[in-house]
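Q: Sequence:
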Amino acid sequence: MQMYRLEFDIKTLLRLNGVSKSRGLGRAPRHLKPFSLDLKSTVLISPSLATVLLIILKRVFFTKDSVNSEVNWPRVASTIGEQSPGVLKINIDLLLYRARSQIREAKRRKDTKGQRELYQQADKKFRRCIELIPQDGRAYVGLAKLLQRRGQIEEARELYTQGCDAVGGDNPFLWQAWATLEASQGELAKARRFFDAATVASSSHAAAWHGWGMLEKREGNLIRARDLFLKGARLCKQDHPNEYLFQSLALLSYELGLVEEARDYYRQGTRALAAVGRSSPALWQAWAVMEAKEKNIDAARRLFKHGLKGSPNNRFIWLAWGVTEANLNNVAQARLLLSNGATANPRDPALLQAWARLEAQQGNLDVARKLFQQGIRVDARHQPVWQAWGVMEWTQAGDLDAARDLFQRGVWANPQHKNSARVFQAWGCLEWRAGSVSLARELFKCAVKADAKSTPSWQAWAQLEESEGRYLKAEELRSLCNQQRTEEVSVDTSVLLAVDSVQLTVKKIQKWLQVFEETPKVSKRGKLEKLELDVKNSRI
Numbered sequence: 001m002q003m004y005r006l007e008f009d010i011k012t013l014l015r016l017n018g019v020s021k022s023r024g025l026g027r028a029p030r031h032l033k034p035f036s037l038d039l040k041s042t043v044l045i046s047p048s049l050a051t052v053l054l055i056i057l058k059r060v061f062f063t064k065d066s067v068n069s070e071v072n073w074p075r076v077a078s079t080i081g082e083q084s085p086g087v088l089k090i091n092i093d094l095l096l097y098r099a100r101s102q103i104r105e106a107k108r109r110k111d112t113k114g115q116r117e118l119y120q121q122a123d124k125k126f127r128r129c130i131e132l133i134p135q136d137g138r139a140y141v142g143l144a145k146l147l148q149r150r151g152q153i154e155e156a157r158e159l160y161t162q163g164c165d166a167v168g169g170d171n172p173f174l175w176q177a178w179a180t181l182e183a184s185q186g187e188l189a190k191a192r193r194f195f196d197a198a199t200v201a202s203s204s205h206a207a208a209w210h211g212w213g214m215l216e217k218r219e220g221n222l223i224r225a226r227d228l229f230l231k232g233a234r235l236c237k238q239d240h241p242n243e244y245l246f247q248s249l250a251l252l253s254y255e256l257g258l259v260e261e262a263r264d265y266y267r268q269g270t271r272a273l274a275a276v277g278r279s280s281p282a283l284w285q286a287w288a289v290m291e292a293k294e295k296n297i298d299a300a301r302r303l304f305k306h307g308l309k310g311s312p313n314n315r316f317i318w319l320a321w322g323v324t325e326a327n328l329n330n331v332a333q334a335r336l337l338l339s340n341g342a343t344a345n346p347r348d349p350a351l352l353q354a355w356a357r358l359e360a361q362q363g364n365l366d367v368a369r370k371l372f373q374q375g376i377r378v379d380a381r382h383q384p385v386w387q388a389w390g391v392m393e394w395t396q397a398g399d400l401d402a403a404r405d406l407f408q409r410g411v412w413a414n415p416q417h418k419n420s421a422r423v424f425q426a427w428g429c430l431e432w433r434a435g436s437v438s439l440a441r442e443l444f445k446c447a448v449k450a451d452a453k454s455t456p457s458w459q460a461w462a463q464l465e466e467s468e469g470r471y472l473k474a475e476e477l478r479s480l481c482n483q484q485r486t487e488e489v490s491v492d493t494s495v496l497l498a499v500d501s502v503q504l505t506v507k508k509i510q511k512w513l514q515v516f517e518e519t520p521k522v523s524k525r526g527k528l529e530k531l532e533l534d535v536k537n538s539r540i
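Last residue of the sequence shown? That's 540 in the UniProt record's numbering, and every number before it is there in order.
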């Protein structure tokens with residue numbers, strides 16, 4: 001049974017001892033003797049007893065005239081989620097800001113020890129916020145996401161349970177974050193239930209509608225996803241229109257071949273946000289990309305300009321427009337757009353990577369190398385930069401050793417991220433072309449382990465097997481690609497190569513596979529188990 005706390009002011013009871021008739025207070029019963037206690041006294045009682053006790057206190061200690069007097073009435077409050085007295089909200093805001101800043105700083109750190117220390121400090125700040133104001137859902141969400149990042153899934157679930165109990169189950173942010181956690185763990189039934197709870201707690205919570213719709217879309221339930229996007233857009237349209245709901249609706253319509261319907265959703269979304277004085281760069285960018293795919297280049301350029309007018313520093317618009325012009329072979333215009341975007345967003349590696357690829361395609365390899373280096377200085381964990389640089393060194397410069405070194409460094413830049421599949425796939429293609437079939441096969445296996453939905457990795461592996469005359473294996477891989485699930489692979493040790501260095505590399509890649517299958521993403525010591533793939537010294 002849930003217990004409640006009854007708080008009453010002892011000074012009030014002292015005044016009731018026959019000394020304050022002028023204020024409308026009745027005389028206390030004779031058996032109530034003068035006494036001296038602390039300022040406040042607290043008793044734990046049940047909800048029903050609390051109600052009865054309040055009625056008795058009113059009838060026994062007070063007259064009818066005292067109802068509206070200056071007496072400090074007893075207060076009933078839940079024992080769960082009780083705010084500490086004297087805590088200002090701004091102090092909680094500052095603690096949360098510092099905790100989030102430390103998490104962002106930890107992501108940028110390269111040394112594992114520094115990351116661990118920052119995460120521990122952020123953990124303490126989140127827990128302090130929960131201790132001070134247990135009914136503030138922001139601390140629960142921040143701490144649970146931190147626990148999830150560290151692989152402590154069960155602890156994160158327990159924290160979400162505690163948070164929902166503390167706030168009475170009416171915080172949509174907690175339900176939505178919990179649903180996202182369950183979806184990432186494959187617990188789709190729980191995720192749907194928690195998304196539903198989030199929309200019940202707040203029917204205008206756009207993130208819940210969008211997250212639920214994206215879950216259904218990933219599962220192939222396109223009609224259900226469309227209904228969720230539509231309902232969310234309609235409920236949020238009046239007060240807080242959400243551009244991502246309209247964008248997802250339009251993208252889904254375009255995927256289904258309904259181009260005019262997609263245009264209508266883009267139009268509705270941009271107008272709804274303009275009506276409340278907000279820009280909608282995501283809508284303008286996606287709309288322009290769609291028109292470019294439909295060969296409406298002039299319309300696409302107008303839409304890109306509209307987007308930049310409202311958000312002149314939006315990196316996604318600069319990148320999409322620059323890539324569009326590059327695909328149209330408008331090199332000068334593409335170079336200008338990408339350079340302007342990089343100037344407006346000096347910390348964005350994707351713009352630098354696209355600019356470097358453009359220069360590489362024009363044969364300006366030295367300029368491209370400088371841009372790739374700049375992108376890595378900005379974010380060494382951005383694996384597409386490593387992959388694109390390695391491909392350039394392999395295909396255009398013909399330097400296989402440099403390409404292998406870049407691919408290896410790219411893998412270890414962020415080995416547990418699904419983008420490592422791109423690096424493994426490119427590396428596997430290099431080894432395949434170089435004649436190292438067994439090594440290429442192992443690299444493709446690593447690619448699909450890193451990202452089971454990487455279609456280029458599955459297709460490249462299938463082509464390799466087909467070129468080796470293993471047609472049944474190739475068909476099996478293509479089938480697995482269509483099913484988008486991971487194949488339980490085992491290393492073929494019957495294929496022995498003459499080069500010892502290649503055999504050593506294969507064994508080390510086998511160890512990499514064991515890391516994916518047997519170990520968690522983060523070890524107990526809080527850092528990744530690093531495996532050395534010293535391919536640079538393995539001459540093939």
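For the record, the hints were derived by calculation from the structure and aren't laboratory data.
Watch out, some of these pointers could steer you wrong.
Straight line, CA to CA, 30 Å or less: simulated DSS-like cross-link-like pairs of lysine-lysine [stated by the list, open to error]:
#1 124 to 113
#2 110 to 89
#3 190 to 418
#4 124 to 237
Here are the simulated distance ranges between beta carbons [as the list claims (entries may be wrong)]:
#5 312 to 161: 41 to 47 Å
#6 259 to 395: 42 to 48 Å
#7 401 to 482: 47 to 53 Å
For every residue, glycine included, the Cβ atom is placed at its ideal position computed from N, Cα and C.
Q: Now, for every hint given, state plainly whether the structure supports it.
A: To see whether the hints hold, each was checked on the structure:
With a C-alpha separation of about 17 Å, the suggested pairing of residue 124 with residue 113 holds against the 30 Å cut-off. Between residue 110 and residue 89 the alpha-carbon distance is near 34 Å, which puts this suggested pair outside the 30 Å criterion. Only pairs whose Cα atoms come within 30 Å are accepted, and residue 190 paired with residue 418 is accepted, the gap being roughly 24 Å. With a C-alpha separation of about 39 Å, the suggested pair residue 124 and residue 237 falls outside the 30 Å cut-off, and the hint is violated.
Between residue 312 and residue 161 the Cβ separation comes to about 44 Å, which falls inside the hinted range of 41 to 47 Å. The beta-carbon spacing between residue 259 and residue 395, approximately 36 Å, falls outside the hinted interval of 42 to 48 Å. Roughly 36 Å separates the CB atoms of residue 401 and residue 482, a value that falls outside the hinted 47 to 53 Å.
Violated hints for the displayed structure, listed by number in ascending order: 2, 4, 6, 7.
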